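K.L.:
Sequence:
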Amino acid sequence: MDNKEIEIFISDDGTTEIEVRVERDTVWLNQYQISELFITDRTSIGRHISNIYRTNELNENATSAKIAQVRKEGNRTVTRQIGIYNLDVILSIGYKVHSERGR
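So the sequence shown is numbered by our numbering: it starts at 1 and just counts up by one.
Because the hints were derived from the structure by calculation, they are not lab data. Incorrect hints may have been included.
Unchecked claim - Here are the computed distance ranges between Cβ atoms for each label pair:
1) 67 to 43: 15 to 23 Å
2) 98 to 78: 31 to 39 Å
3) 71 to 4: 19 to 27 Å
4) 53 to 13: 29 to 37 Å
To be verified - Calculated lysine-lysine pairs in the DSSO-like style (CA-CA distance at most 30 Å, straight line):
5) 4 to 72
6) 4 to 96
7) 4 to 66
8) 66 to 96
Please read all numbers here as calculations on a predicted model, not as lab measurements. Backbone N, C-alpha and C fix where the C-beta goes; we use that ideal spot for every residue, glycine too.
Please construct the entire structure, taking both the sequences and the accompanying hints into account.
P.N.:
Next up, the structure:
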């Protein structure tokens, strides 16, 4: 396996397709991708992530990172820092959300 890869997750029913970043022997998703994975809203995912770190369930420095996302907005190019979360965080959220995919 290369150091960095992008895999495509497609749900069994074909309704969800998510680009999954694979790096440093784990997968990484942003909050929007996690919300798509578990079929819930992004604000709930953000709340779960905040609680995971607030209660020291996981170490934030070890399980999250920031990446630059560059997009075109009109005539200008905008760069934003987007939080991404590794498999440990994704699994922890999966145990907490009330979603069929979270079980």
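K.L.:
Decide, hint by hint, whether the structure agrees.
P.N.:
Verification of the hints:
Judged by the Cβ atoms, the range 15 to 23 Å given for residue 67 and residue 43 holds: they are separated by roughly 21 Å. For residue 98 and residue 78, the Cβ-Cβ distance of about 35 Å falls inside the hinted range of 31 to 39 Å, so the restraint holds. Between residue 71 and residue 4 the beta carbon distance is about 20 Å. The supplied range of 19 to 27 Å therefore holds. The beta-carbon spacing between residue 53 and residue 13, approximately 32 Å, falls within the hinted interval of 29 to 37 Å.
A distance of roughly 24 Å separates the Cα atoms of residue 4 and residue 72; the hinted pair therefore holds under the 30 Å criterion. Taking the CA atoms of residue 4 and residue 96, the gap is about 29 Å. The hint holds against a cut of 30 Å. Restraint check for residue 4 and residue 66: the C-alpha separation of about 15 Å stays at or below 30 Å, so the hint holds. At roughly 24 Å between alpha-carbon atoms, residue 66 and residue 96 fall within 30 Å of each other, so this suggested pair holds.
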